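Undergrad: Which chain is which? The protein sequence lines are A and B, in order. So that you can map any letter, position 227 of the first sequence is 227 in our numbering, and since no number is skipped, the others follow by simple counting. So that you can map any letter, position 351 of the second sequence is 351 in our numbering, and since no number is skipped, the others follow by simple counting.
Any given hint could turn out to be false.
[Stated by the list, open to error] Using 20 Å as the maximum straight-line C-alpha spacing, the simulated EDC-like pairs for lysine to aspartate or glutamate come out as follows: (1) Lys128(A) <-> Glu28(B); (2) Lys155(A) <-> Asp267(B); (3) Lys498(B) <-> Glu28(B).
In case anyone wonders, no lab produced these hints; they're calculated from the structure. What you are looking at is a predicted structure, and each value in this text was computed from that prediction instead of being measured.
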Amino acid sequence: MTTIVRPYGDTLDDGAVQLSFTLPVPFGPRGREAARLFVEKLGFRHAEVVHAAPLSGDFSFYVAYGRTEVAVDVDTIHVEEATGEKLYSMNEACAAIREKLGRKVVVVGACTGFDAHTVGIDAIMNMKGYNHHYGLERYSEVEAFNLGAQVPNEKLIDYAVKVNADAILVSQIVTQKDVHIRNLTELIELLEARGLRERFVVCAGGTRISNKLAVELGYDGGFGQGTYAEHVATFLIDRLVDKVAPGGA
Amino acid sequence: MESRLHMPQERIDRARELASRIVAPVQEFIDAHTTVTVERATLRLAGADGADADGIPVPNLVIDQLSGRLDEGALKFWVNALVRTGEDVAGLNRKVAEGLRVDALPLADPAALEAKAAELVAACTRRVRGNRSLREERLARYAGKNHSPLLYVIVATGNIHEDVKQARAAAEQGADVVAVIRTTAQSLLDYVPYGATTEGFGGTYATQENFRIMRAALDEVVEREGRYVYLTNYASGLCMPEIAAMGALERLDMMLNDSMYGILFRDINMYRTFVDQKFSRMINAWAGVIINTGEDNYLTTSDAVEKAYTVLASQFLNERFAFAAGLEPWQMGLGHAFEMDPTIRNGFLMELSQALMAREIFPEAPLKYMPPTKFMTGDIFRGVVQNSLFNFVSQMTGQGIHLLGMLTEAIHTPFMQDRFLALENAKYVMNNMADLGAEVEFRMDGTIVKRAHAVLEETVAFLERIETTGLMDAIAEGLFADIRRPRDLGKGLDGLRKKSDGYWNPFEEHLHRELGL
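The shape of chain B in the complex, shown without the other chains:
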């Protein structure tokens, strides 16, 4: 696609180079560390699952036993327990839930551990590859049936069985992507609950069983409607890698997954988040999952006109962190949002400029475009118009993943009819003006072109400042979203460990090989 905004390639290259230099020292830190949830994710990939009578998940039971020796890698003790007890994975899960201490068993011969681990890696690989090829086969079979951009809706009842009804209805009405929003505060739990759940606030617990239930329900719609339906959840918060692991096992297709969101907006410790995001992204990369990054959050906190450059800067950083974790450009659903004050004269031109700029700078990424939320009011009739303008920009600028705005955004979690009306609105606008974007050229000296160039320049200046300061200090000093997050504060720091020389994680090694890292 030729640039309709006449973006200066040399400045885009400069921004990428800065992003690369900003991220490099953080990567060194990441590669020297592990965390409790990285270890639990590894155990989950190996088959650890279930919970004890108090509901404590098996992966957490294992980690708690090993707290002093976690720097060696948890898998060693788990694999050793398989070898020593002669149990299969299900049997060991049961025994751990009943109180077996895996740290109490003498370590077997390293060759035996290597051999057992290779078996587990192979079994996991078969399952994840199977999921990936099933998805690819269905997408090929039903090629051309999805909308472009993909129409994305959220369900959030708190009860997985009720979610299923809402998700099925939305998929039947044409939704391409269904996200099950998580219950408030799950991001701050340092474990992933077990089993199907029916109680949640503002959303539904992400559990492996809930993933399985929703996947099965949507697969029925896929076959009936002859259209693939992408399932989405949240690999974010204190359990980023574990959720990614569960998603890989249960064939989720997209994951909300941002390299810095948890630090800034959930007050999770920065060391912890940086280490967690890398492992979660490697799993997502391997499973063929499309990540959705969270730049929209900068704009709900700060002003969308003044702080537009923070979105672009974050996109460059998310892209760099994603490359470092083996994600391909087609897997990078870089985020942004239609959040400018609707009363601004020519605000629409700036929204169009921002969206087209993102499209041109990240040509292969399936950009994730978020709807108006901050300036949605109880006036549902104006809300419909705001959403229509958002739909217009999305179609005209060729966004990849389009989260539908709800007319009742500021009022309640969506009614079934709200989703239907949103889908009808998007289908109408996007069909009716399908090829408008290709018909239009922008004036070199006009508002739209000049705005994009100005935002890029501000972004380069901002990235230069971060490079000089260092990313971690920049976060500590409040350069992002005016939020200060000191290095040694925030949740989850106690779950960080420096890897010992003898750290052993065959799954991590396998991911490195598969992803060419």
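So that you can see chain A by itself, here it is in the shape it has in the complex:
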């Protein structure tokens, strides 16, 4: 089966798309035409620049609309999310841990390298959580250690060994010049060098992290925008249960 879809403005298949961007050209009729041509070259029909403004002597800003013929077949799409459609709530997660593992789950998390942005790891781990989703510290069956910001990868591993952790969570928010990739790769390499990779379930999170990227980098799972503690808890429980009884429920 195929289900072909295009962007929807006000009529099915009109292909309407909204764009905004800056061009390094002075504001004026030439800039405006450059913007329109650019939208056309992206493949849009009816390219229309609806707003233009000068940003400085050499830069100008545009808002444009266009219509596209490009379409995707949603039935051929395979989504790689770390967690499936079924999510445990906090209480369900704790019940599942009691029932399937029979002991507390130990989780160590940190914002590693030079990254000082704890907002991501705090959202997942802190008692309060984020957006009315409690963090792992609130889970009665989880022992959560949030090591905070700018934690060197070595220290994170040492700590995980010390508290006999089941899982390591790494948050990376700063992604300029791909610094997060280097940092995430280093953690996996260090774990492998010390023969510890299989001992932990290792997850990466951050606004620019996807499950696909994390798996490519050697992680068990990755979590991006819109992740709450429930997503991470569900994933961890499934993996840990799988470790105890591979292939089982």
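Fit chain B to the given chain A structure using the hints.
TA: Using the frame of chain A, we list chain B on its own:
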């Protein structure tokens, strides 16, 4: 301004009295100690600059030579080297970079050292006073051209030359304040890199040359646009006083500078931070710099509704530490933030209450108001609305320094257009409702007034607890932001020294005299 929140003055006085008693014992500790970066800042004020072939800055080379004798003050050895070698400052910088040991030279007659130091202090004073009067002259010439509140934007490309383009564009669009955010982790370097830099992560290295490049670029815009543009950097982390010294020399106008931020949020040792913040603030006070304190950080870590009192308590403490370092009220950009969960019913009323309360309790301070960040999502369209509400509160409550919220806050460092859209938003809101604040009175029994009174009461209770515990133990026990920082842990403790009886620092003495401390 009469109180629209009917704040009880006697409770505000009580909070100030508590803050004063909390800070006093810490001041005693501070005055008995120095640190490696206080000594390096002193050397920088005296003219020490440059780096050796490995990039180690001259002030660090000098300090490393003296490690055992740092408690006497580093300047003695530096001044002695000038006297003994007969070199001028530039010549000595070169020689130290080439390997000269200033600790190996026999000490000259104290009178000769005093005389040479007096020359260096005078030269530095001429430069800093010159910067200060130039700023004052430009502000007077272009009086009334800046926005109120001052519109503050950040540039953060990592490359100083790219920063210049972004900063110029923002200034031309109406920004009053440009902050060059520092590269991730510079706060944890125990040195300040040398020269212009083009590589950084999430920001650009603070170096004296980068300061000079950005100052020159903004000064061009100042003349062209007929409006002063304030340049801002970060006198925070392990090199607070050195950055303040560089800023004084290169005419920076504002410095992020908090008395406890480094301890809590960067795990820098508390003794080290307390000593460093004092010297950095004396330099800022002397240079006419407006400091921006970091209370917004309490709210990105904890809940903005429940922990509002920690912000007010920190403002009182920052104010007290600032007074003790000679800063005037007009130099105290006390921080706070619009960080409540946007889904809370009547959350806006609480934001308005908090902002107006800060305004009324610190009437002369140019309050630094920070935009929503924690609850910004990838929904840029909602982000614009959140920023508009933030702009509304800021204008209505008469904030002093307004850091513009970016619609792409949770996504990437700002594109040029993001800053433009933020400026347009602020200019629209603030012009369109310019005098609304003066039109409105609040109900004595209403949510806004009651909320402000409740937060003040919680603040007084919190300060009472800190006073009983002692500030250092309160930090160790996790009373601030739920973060525990023991006295003897944290970065930079090895750079702390108890001053010896013979400690000699003519720059410090000069600052004390100038600031009436």
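Undergrad: Now tell me, hint by hint, if it's right for this structure.
TA: Hint check results:
1. Lys128(A) <-> Glu28(B): The given pair, whose Cα atoms are some 38 Å apart, is violated under the 20 Å limit.
2. Lys155(A) <-> Asp267(B): Holds, at roughly 15 Å.
3. Lys498(B) <-> Glu28(B): Holds, at roughly 12 Å.
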